[in-house]
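Undergrad: For what it's worth, the numbering used here labels the leading residue of the sequence shown as 73, then goes sequentially.
Because the hints were derived from the structure by calculation, they are not lab data.
Every residue, glycine too, gets a C-beta built ideally from N, C-alpha and C.
Careful, some of the hints might be misleading.
In silico lysine to aspartate or glutamate, EDC-like type, Cα no more than 20 Å apart, as pairs [as the list claims (entries may be wrong)]:
id	residue 1	residue 2
1	K143	D129
2	K258	D160
3	K95	E220
4	K138	E88
5	K238	E220
6	K108	D191
7	K79	E167
8	K143	D122
9	K89	D191
10	K95	E211
11	K193	E211
12	K79	E101
13	K258	E167
14	K243	D202
15	K143	D160
16	K238	E259
17	K243	E259
18	K238	E211
19	K108	D122
20	K138	E167
21	K108	D160
22	K243	D129
23	K143	E198
24	K79	D251
25	K142	E88
26	K89	D122
27	K112	D160
28	K238	E180
29	K112	E88
30	K89	D160
Computed spacing ranges between beta-carbons, pair by pair [stated by the list, open to error]:
id	residue 1	residue 2	range
31	A226	E154	38 to 44 Å
32	S225	S114	40 to 46 Å
33	F158	N117	17 to 23 Å
34	V235	N102	23 to 29 Å
35	L144	Q204	27 to 33 Å
36	L200	G136	22 to 28 Å
37	E140	V235	36 to 42 Å
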Amino acid sequence: MEATIYKRKRVFSIGEKSSVLAKLSAALENSGFSTKWSNKSSNVNALVQDFHGNHFDLVLFGRGIKPENKKLITQRFRSQNEQLIFIDALAPLSELMVDQVKLAFVQEAGKMPCIVHTDSKALSIEILEDCQLQVRSYEQKWLARTSENLLLSARLQGGTFSVPLKPSSGKQFLVVSVDDVVIFIKEIV
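Work the whole structure out from these sequences, hints included.
TA: Listed below in structure tokens is the structure:
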């Protein structure tokens with residue numbers, strides 16, 4: 073599986089805050105995506121007039137969008153493009169949202185090179201083939217302070233490996249990448 077699986081894919085981000093959307097778009101473009109964004113989620117008719125589902129491969133919804141608007145936008149865009157992928161942002165962390173977008177395209181492609189299991193204390197990874205493995209943790213703490221920690225980065229041969237997890241006082245998300253391809257994201261509670 074190659075990291076090019078998501079290169080030049082077209083991503084449309086819909087959210088409430090222009091500053092978050094602009095930062096996210098820049099991060100997505102740095103990863104090779106083509107992007108557009110809108111903060112007009114409250115006016116669904118204007119949104120679907122300005123943008124067409126056929127122009128995108130994936131729509132990313134920010135957390136502040138009302139469920140009824142999300143449903144209408146999804147229905148309208150789905151009628152224009154049945155292949156369109158829709159995902160909800162886990163947290164307002166640009167790097168995590170980029171990883172979510174990457175993962176959505178990898179999942180569409182199929183085969184995963186390893187099996188991942190987690191609980192609140194450890195991450196267990198069964199590697200099916202030799203690879204470069206990277207495990208990162210994103211934390212969102214009180215007052216929206218965020219941090220990213222590299223828990224493991226190593227070239228590994230097939231086998232089962234365990235990575236201990238430290239408790240967090242805020243929200244914590246794990247991201248597992250194999251050969252620079254995101255294959256797993258999970259919020260640790």
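Undergrad: Hint by hint, note whether the structure agrees.
TA: Now the hints, each set against the structure:
| no. | hint | result |
| --- | --- | --- |
| 1 | K143 to D129 | 18 Å, holds |
| 2 | K258 to D160 | 13 Å, holds |
| 3 | K95 to E220 | 17 Å, holds |
| 4 | K138 to E88 | 10 Å, holds |
| 5 | K238 to E220 | 13 Å, holds |
| 6 | K108 to D191 | 36 Å, violated |
| 7 | K79 to E167 | 16 Å, holds |
| 8 | K143 to D122 | 18 Å, holds |
| 9 | K89 to D191 | 33 Å, violated |
| 10 | K95 to E211 | 18 Å, holds |
| 11 | K193 to E211 | 15 Å, holds |
| 12 | K79 to E101 | 10 Å, holds |
| 13 | K258 to E167 | 14 Å, holds |
| 14 | K243 to D202 | 31 Å, violated |
| 15 | K143 to D160 | 12 Å, holds |
| 16 | K238 to E259 | 13 Å, holds |
| 17 | K243 to E259 | 7 Å, holds |
| 18 | K238 to E211 | 11 Å, holds |
| 19 | K108 to D122 | 11 Å, holds |
| 20 | K138 to E167 | 23 Å, violated |
| 21 | K108 to D160 | 16 Å, holds |
| 22 | K243 to D129 | 29 Å, violated |
| 23 | K143 to E198 | 37 Å, violated |
| 24 | K79 to D251 | 15 Å, holds |
| 25 | K142 to E88 | 12 Å, holds |
| 26 | K89 to D122 | 18 Å, holds |
| 27 | K112 to D160 | 16 Å, holds |
| 28 | K238 to E180 | 31 Å, violated |
| 29 | K112 to E88 | 7 Å, holds |
| 30 | K89 to D160 | 15 Å, holds |
| 31 | A226 to E154: 38 to 44 Å | 41 Å, holds |
| 32 | S225 to S114: 40 to 46 Å | 42 Å, holds |
| 33 | F158 to N117: 17 to 23 Å | 19 Å, holds |
| 34 | V235 to N102: 23 to 29 Å | 27 Å, holds |
| 35 | L144 to Q204: 27 to 33 Å | 42 Å, violated |
| 36 | L200 to G136: 22 to 28 Å | 39 Å, violated |
| 37 | E140 to V235: 36 to 42 Å | 40 Å, holds |
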